[in-house]
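Input sequences plus hints: build the corresponding full structure.
Protein chains: 2
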Amino acid sequence: MKKIVILGSTGSVGRNTLDVISKFPDKFRVVGLTAGWNSDELERQIKKFGPKIVSLASEEKAEKLKKRLRNRDITVCSGVEGLIRVATFPDGDLVVSAIVGAAGLIPTLSAIKAKKNVALANKETIVMAGKIVMEEAAKNGVEIIPIDSEHMALLQSMAGHRREDVRRLIVTASGGPLLDASLSRRRAIKPNEALRHPTWQMGAKISIDSATLMNKGFEVIEASRLFDMPAGSIEVLIHRQSIVHSMVAYKDGSIIAQLGVPDMRGPISYALNYPERLEIGLPQLDLAEIGKLTFRQPDLKRFPCLAYAYEAMNIGGTMPAMLNAANEEAVRAYLDGNIGFLDIPKIIRKVMDSASAKKVEKLEDVIVADGWARETASGYINSLS
Amino acid sequence: MKKIVILGSTGSVGRNTLDVISKFPDKFRVVGLTAGWNSDELERQIKKFGPKIVSLASEEKAEKLKKRLRNRDITVCSGVEGLIRVATFPDGDLVVSAIVGAAGLIPTLSAIKAKKNVALANKETIVMAGKIVMEEAAKNGVEIIPIDSEHMALLQSMAGHRREDVRRLIVTASGGPLLDASLSRRRAIKPNEALRHPTWQMGAKISIDSATLMNKGFEVIEASRLFDMPAGSIEVLIHRQSIVHSMVAYKDGSIIAQLGVPDMRGPISYALNYPERLEIGLPQLDLAEIGKLTFRQPDLKRFPCLAYAYEAMNIGGTMPAMLNAANEEAVRAYLDGNIGFLDIPKIIRKVMDSASAKKVEKLEDVIVADGWARETASGYINSLS
Chain U
1 MKKIVILGST GSVGRNTLDV ISKFPDKFRV VGLTAGWNSD ELERQIKKFG PKIVSLASEE
61 KAEKLKKRLR NRDITVCSGV EGLIRVATFP DGDLVVSAIV GAAGLIPTLS AIKAKKNVAL
121 ANKETIVMAG KIVMEEAAKN GVEIIPIDSE HMALLQSMAG HRREDVRRLI VTASGGPLLD
181 ASLSRRRAIK PNEALRHPTW QMGAKISIDS ATLMNKGFEV IEASRLFDMP AGSIEVLIHR
241 QSIVHSMVAY KDGSIIAQLG VPDMRGPISY ALNYPERLEI GLPQLDLAEI GKLTFRQPDL
301 KRFPCLAYAY EAMNIGGTMP AMLNAANEEA VRAYLDGNIG FLDIPKIIRK VMDSASAKKV
361 EKLEDVIVAD GWARETASGY INSLS
Chain X
386 MKKIVILGST GSVGRNTLDV ISKFPDKFRV VGLTAGWNSD ELERQIKKFG PKIVSLASEE
446 KAEKLKKRLR NRDITVCSGV EGLIRVATFP DGDLVVSAIV GAAGLIPTLS AIKAKKNVAL
506 ANKETIVMAG KIVMEEAAKN GVEIIPIDSE HMALLQSMAG HRREDVRRLI VTASGGPLLD
566 ASLSRRRAIK PNEALRHPTW QMGAKISIDS ATLMNKGFEV IEASRLFDMP AGSIEVLIHR
626 QSIVHSMVAY KDGSIIAQLG VPDMRGPISY ALNYPERLEI GLPQLDLAEI GKLTFRQPDL
686 KRFPCLAYAY EAMNIGGTMP AMLNAANEEA VRAYLDGNIG FLDIPKIIRK VMDSASAKKV
746 EKLEDVIVAD GWARETASGY INSLS
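Chains U and X supply the protein sequences, listed in that same order.
With the first letter of the first sequence counted as 1, position 15 gets the number 15 in our numbering; the numbers rise by one all the way through.
Start counting at 1 in the second sequence, then tack on 385, and there's your number in our numbering.
Be aware that a few hints might be false.
DSS-like mimics (lysine-lysine), calculated; alpha carbons at most 27 Å apart, straight line [said to hold, decoys possible]:
{"hint": "1", "chain 1": "U", "residue 1": "LYS251", "chain 2": "X", "residue 2": "LYS677"}
{"hint": "2", "chain 1": "X", "residue 1": "LYS408", "chain 2": "X", "residue 2": "LYS449"}
{"hint": "3", "chain 1": "U", "residue 1": "LYS292", "chain 2": "X", "residue 2": "LYS516"}
{"hint": "4", "chain 1": "X", "residue 1": "LYS387", "chain 2": "U", "residue 2": "LYS251"}
{"hint": "5", "chain 1": "U", "residue 1": "LYS251", "chain 2": "X", "residue 2": "LYS408"}
{"hint": "6", "chain 1": "X", "residue 1": "LYS747", "chain 2": "X", "residue 2": "LYS516"}
{"hint": "7", "chain 1": "X", "residue 1": "LYS524", "chain 2": "U", "residue 2": "LYS292"}
{"hint": "8", "chain 1": "U", "residue 1": "LYS292", "chain 2": "X", "residue 2": "LYS677"}
Just so you know, these hints were derived from the structure itself, not from any lab.
Being a predicted model, the structure only gives us computed values, none of them experimental.
Written out as structure tokens, the structure is:
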């Protein structure tokens, strides 16, 4: 029986994780859950899965929830301290890190330091502080299993093959809802339209990151860190159908690819039970029915965010953290209706142009850079909106 | 330094194997070669690679060759005895079994009994006597590494994954030169046209087997034996481009695939140096340039040979050996201009209809069945031509 903690249990990955867990009551037990503000959904999850500890971002909501659950044997906490308590809860075997954005960094690092294996959906953690996270994981003998379909595909495509034979990682990208949209359409696109992803059901922040291809840029940075590969050996390939989840090219010209229907429960179940697979009842892929798989190169001019991610990765140090912070602020401003879609890359460009990257030696280096980039981005956002 | 023996060194696989070996003089040394009748090509190979022992099918040609090489420290032998001497030559570490057809069975089995690892291009060996070959390999602690691109792809797509999680093997098929040819065109097709394979450069026998899809049927039987999977779990998928070389589907809905440019030197180099890959300078696959990969289901009515292979596999015992023998006779008659292309499946059907399969307990059971099927097929061929 594996004891599971989910950080961000009311989000898209969190809910899908609980869906997979509910099918295997003899394999997994939920011991900890955390949520941001959605205390109603968290309460439903508590009643269904009976965790021993939960946390909400809001102290006020946590107090109310505590009262409602006073007859239960459960600890209810709040804020960053609460998050860390759940992430490091002694009973937990595997921590599913599914909080969106930079907020996932501290609790994920805390879990790693507490020697918990981590199933990582929060790619910002690796983008911001990949060096520190990977070093801590190595030091603590902790496995980091990616939940992203792309990284799970890379992991599966490297299993059983010699790492020294790997030449390139080929990360596939659906291209999001605006891949072929005209400039005028992209300029005018409203958040509710930009959120309509062609193949994946996901949360708002990651859906916008998919529309700008920044999500793919983050995935390239994440792949570089997780698999210790130089930026120049990681390619992005547009594949609208999201069936080939990613590929690994070897020195003999051979490519190994992982394919499947686009459903988050695939990578989630793989991460939960790694390295054994679970029969989760996803539909079998029928390639004869699908007929064809299409591929093309990404257009870095139309989607500059992807180019910026490569640039930040090549500069290194605190630059990826600043890229992430600027992006997070810009996406929030876009979702709030304060800036246009095409302003997102402009703001990131401005922040990167005025940024000076420093070496990452400790977590504070990342946090300071993150703070500076957010402040700088906010200034540009205010001047636009 | 791995010492290599090649059975069938002047054929397509044999020549490609020597081409790969010539690029890695510090990794491989050729110690034994055999050929059928092409003593000139064998002599050139001897001068280039300096084997210690060679054999020709023809005793007369062997005697002449021996005279021409009298100043060399080399053993020249002939016939089946010669083949077996080379296959079991004490110095050999790996025997590349690349003789076409049933003639490959005895020397391949001899190599296995002499505890030589085998790189197997001769699929007829497994089709005829898969049970005996696999049992002998297990008994002698011998590895059988397939050289077929499809089985090499299956091997690579299973490496590092739990065998008990495998649900289906998906063997891809280019469909050969006649996939979309009309009935009248297939009825009238001449051998020189049927030999023009769209993606692979291969020998005559296997090219005709590709045009009838019998080659794919043999591969399904071979996959079933090599990977110990029931016939019902092996699918054939038409993929004209021969880029996805085969796939393995797992119980969580995940599919692992192996891709590469269609060049025999890929699987050959993998088999020679297994499990380490070699940098053989094949062009990198550029999927953006290729644009799309297409798939469709095979039409068993148009290509009955594939259906017959499934049928023979399901019946089991000596039936696959009889299928192979009938096919070999029919293909030879077609190549000799004695029967038409559409007569090939008809002859096989007639032989299978009058055959009664027996259990395979010893090699003689296979040889008797093979002889009976050839004789029966010849009778039908004579009645047609």
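| message | For a quick check of understanding: which of the numbered hints are violated here, in increasing order? | response | Hints 2, 3 and 7 are the ones this structure does not satisfy, whereas the remaining hints hold.
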